[in-house]
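**Q** Next come the chains, spelled out residue by residue.
2 protein chains.
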Amino acid sequence: MAHHTTAEQTAPLSVGPDVDTPRRLAVSAVAGSDPAGPLGDLDGFRQWFEQCHGRATMAVRQVSLDDLAGWRTDQDTGDITHDSGRFFTVGGLEVHRSGAPVSTWSQPIINQPEVGVLGILVKEFDGVAHLLMQGKVEPGNALGLQLSPTVQATRSNYTRVHGGSAVPYLDIFRDTARHRVLADVRQSEQGAWFRQKRNRNMVVEVTEEVRELPGFYWLTLGQVHRLLAVEDLINMDARTVLACLPFAGPALREAIVPPHGEFHAALLASCDADSGGLHSMAEVLSWVTDIRTHTEVATRELPLAALPDWHRVDGTISHVSGQFFDVIGVEVRTRTREVPGWSQPMIAAKGTGLVAFLVARVHGVLHALVHARAEPGYLDVVELAPTVQCTPDNYRHLPAAARPTFVDEVLSARPEQIRYRTLLSEEGGRFYRSRNTYAVVEVERDSRHERQDFRWMPVHQLADLLRHSHYVNVQARTLVACLHSLTIRTTR
Amino acid sequence: MAHHTTAEQTAPLSVGPDVDTPRRLAVSAVAGSDPAGPLGDLDGFRQWFEQCHGRATMAVRQVSLDDLAGWRTDQDTGDITHDSGRFFTVGGLEVHRSGAPVSTWSQPIINQPEVGVLGILVKEFDGVAHLLMQGKVEPGNALGLQLSPTVQATRSNYTRVHGGSAVPYLDIFRDTARHRVLADVRQSEQGAWFRQKRNRNMVVEVTEEVRELPGFYWLTLGQVHRLLAVEDLINMDARTVLACLPFAGPALREAIVPPHGEFHAALLASCDADSGGLHSMAEVLSWVTDIRTHTEVATRELPLAALPDWHRVDGTISHVSGQFFDVIGVEVRTRTREVPGWSQPMIAAKGTGLVAFLVARVHGVLHALVHARAEPGYLDVVELAPTVQCTPDNYRHLPAAARPTFVDEVLSARPEQIRYRTLLSEEGGRFYRSRNTYAVVEVERDSRHERQDFRWMPVHQLADLLRHSHYVNVQARTLVACLHSLTIRTTR
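Protein chains in written order, with UniProt numbering: chain Y, 1 to 492; chain P, 1 to 492.
The set of hints was computed from the structure by calculation and includes no laboratory data.
Idealized CB from N, CA, C, for every residue including glycine.
Treat the hints with caution; some may be incorrect.
Chain Y is faced by these chain P residues, among others (derived, beta-carbon under 7 Å) [claimed, not checked]:
1) R24
2) Q196
3) T293
4) H468
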C-alpha cells in the first residue's frame, strides 16, 4: 500500500461551528442600516436602479395558450410543453389527503425537475461584506425591475462542462473550491404550483478581484435589509437565498447595542442559539417526524385535459369557481435578454395572498408560530410554513370555522402589533403578478396557539433547519429574511 | 383577543444541546463492557436467549411463487400483491443514471410505502440506562433467533386510534408526551431493494414502571456493544436504531479513561464534536448538495413481467446472469406469532456482501471514508454509504478497473488493520438469509482516497446528520453502531 501523505494531512482540523461568518454578517447588517450613518446613503443605489429601470424595458402581453409560439398542447393529454422539450411543462395532478377538510382535488401543476442555482456573491470592501445584487426584469413582475441574486441559472447553464458561461459570475458558483461557501442547500419552491421543484440556494464569498458589471450593484446586508421594507423590490429568489445566510449567533447581539426596546431585544435573542427555545431541537425534530409519518398525501399525474372542474376556454385554463389561479399565456418583448423575445405559459394567482407569522415573546426570546403544512408538490409530505398562508378572498363568504387557522388574528391586528408588512412578489419567471402581503404580527402567546400542527420556534431554530433541504417552505423563508431585516429597523 | 397564559409560559426555555443524555449513554456504554466488571456477566442473558430460542421455533420452507397462499400474481403485469392489498408488493423498476458505468438497468423492487416504527425503550435501573431488547425470529434469519428493538410495528399498528395494541410496549412510542424522546427520525432502508422505504427510528426513555414481558431483556449499552461482535445476533432493525442514539460528546472521553492506545483515543475523539473534522459541516453539506444536484437518477415503474433479463421460472424470479438476487416464495410455520403461519415473497441475495468503512486517524481524530452513493430507491438521489458496499463475487472475474472502488484495499487488509469484522444479517422479514461481512479497516490516509464522491468524516458528523432523514444509508448506520461498540471493546 502506497502512503502518499497529502498536503491536507498537516492542515489543522476544522473545529466547531463557524463563528467568524456570523460575526462578519452582523458587521454587514449594521453597515448602512442607519440612513444617517456610514454607508447609510442609498442615493447612489437609487440612481443605479433608475438607470437599470430605464434600460430594462420588457413588454409583456397576455396571449391565448392556443397561440403560444414555441409551445405545443398535446392533443391527447392537453399537457403544455416547449417544442424543444426543455424549460418546464404544465400537466395535471390529482391529490388525496386523508383526514383533510378537502380530501381530494385535481389541479394544473408545473413540472420542472431540473435544479437551478440561485447564488449571491459576497465580497468584503474595507472590512465590510457586500452582496452583489442584480437588477432583473421578469415577465410576471408587477412593477418591472426587481433586485435579484447575483445569479439565477438553470441546470443546463451551470453544469456545462466546457467553455465559459453566458451567465455573468456563474463560474464562481460552478467551481467553489477556491472560494468560501457560506450557504449551499437545495430548497423547495411553491408546493401548490410546482411538483417537487428545488433550487440550489448558494452564498459564496470571494477575495479575488470581481468586476462590477452593468446591471449589478454591491450592497451591505444592512442596506438590503432596509430595502426589504420597500414594496415589491427584493425578488423571491433573493429572499430565499438571504434566508439561508448563517445570520445567527451571539455576534449579532454584540454588534447591535443597545437594543431598541423589548421587542428588539427579543428578536436579537431569537437569532442566537444560546438563547434556547420553548422546545429543544430534539423535540422539534420529533414533532416533524411525527407529522410526516401521520400525514398521508398521495398524488397521481393526470392529463391536464382530464382535470375535473378545470376548463380551457379562450386559451386560458381556469377553475369553474373562478378561484385559485389561471394558467395563461404571455408574449414577451425585451431589449435586455440574450433573445429579443419569447412566449411562455404562466400561473396567474387570483387575488392577493396573505403570508404571516404570528410572533410572541417567550421568556424574552421571540418565537414564531410555525405551521407544519402539506402541499402536493413537496418531496417529503410537509414543510414548515408561516402561521397563515392563504388568499383571504377565497374564504370571505365562508363561516368562521371554515376559514384558515389564525387568519382573523392577523387581519384584526392593531397597528402596534404589526412589526412588518410589505407587499412582495412571487417568482416573476413563472408566476404572473402573484403577490402576497408578508406580515409579522406580534401577539401574546396563549392556549389557542397550542395545536398539534403548530409550534412556537425561535429564529435560530429555523436557521438551523435551513442548512438542510425540505424543512422550511419558500414563504416562511421570505419571512425569515424579513425577521432578519427587523434586527436593524425596529425602533420600538 | 383572549390572553390565556398557558402553564408552559412560566417554564424555563430549553437551552442548547442536550448534554445529559450523551453523558448517561456514556455511563451505560461503560456498564457491562468489561466481562469482569459490574454488570459484565452475560450468563443470565445467555440463559434467557437459549430459552427464547427453544420456544421460538419457526419452520421456513421455500415454495414456488405460483403456490404462495394469500398472494396473487397480476395476470397482466406480473406484479405480486397480497390478497388484502396490505403489506407490500413486488413490482418492477427501470433505472437511468447518466454518466454511470451501467447507465440503464431494470430490476424487481419492493414497494412498501407505509412508515413503520422501530423503537427501543430505555429505562434507568440503579442510575444506569438499560435498553429493552426483544428476542425475535424472522423467516429470513439464517440462525433463527436475533436481538431486535423493543418494537417493530407497521403503520397500521401504531396509528390505530382506538383501543390498545396487540404489540407490546407500542403505546409508549405512539404517545411520547409523558416520556423522554432520545431519537425520533425516519430513515431509509436498502435503496437497491426497496422503493422509497422508510421506517421511523425511535428511542424513548421512561421513568414509570415497565413490566419485563417474556421474550424481552434489559441490557446496558455496554452489553449490547459486546454482543455486536457476535455473528448474526443483533438484527438490522436494532442496529439502525442504535446508530441514531445521541452517542457523542465529551462525556464519552470522560467516562472511558484512559484510552487503550492511539486508535482508541482517536475513536473517542471522533465521537466528540469538539474534536472537529477534516471538513467543516458547512463543507460537508455543500458537498452533499453538489453531488445531489449533479447526479441524475431517473426511475420508472415497470410491470414485473416486462423486465428485460429477469425471468420467472419454476416460481422463482432470477436475473439471466444468475447474479444479484432472486425473488422467492417462502411458507412459514410458527408457534410464537399471532398467526400460526403465513406465506410471503422474499428477496434472496446472491453471495455474501462486503460492507466496510476505511478509517484513518487524522490529527488524532478517527475519520471514516464516506461514499456518496446513488441507489434507485432513495427518495433524494444519494445517501452517505460505507466506503465499500458490494458483493465481491459479482466482480471476481472482472479486471481491476471494473471492480468497486477500494474493495481490494479492504480484502487485502492485514489482520492488525481490521478493527471490526462480523457477519451480520439484513432484515429477515423481507430478505432471505441475506448477510454481509461488516468491517472497519484502518488505513493510512493517502491521495488515492481523494475522490469527488468520497469524503473523510469523523463519527460525530455522521451522528449530526443522523438526526435528519435521507443522509446516512442503512449499511452505514450499522457501521456507525459498530464504531460506537468499539469505544469499549478496543484493547490496542
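**Q** Evaluate each hint against the coordinates.
**A** Structure-based check of each hint:
1. R24: violated, 14 Å
2. Q196: violated, 10 Å
3. T293: Check passed: Cβ of P/T293 comes within 5 Å of chain Y, closer than 7 Å.
4. H468: Holds - the Cβ of P/H468 comes within 7 Å of chain Y, reaching about 6 Å at its closest.
Violated hints, in rising order: 1, 2; the structure is consistent with all others.
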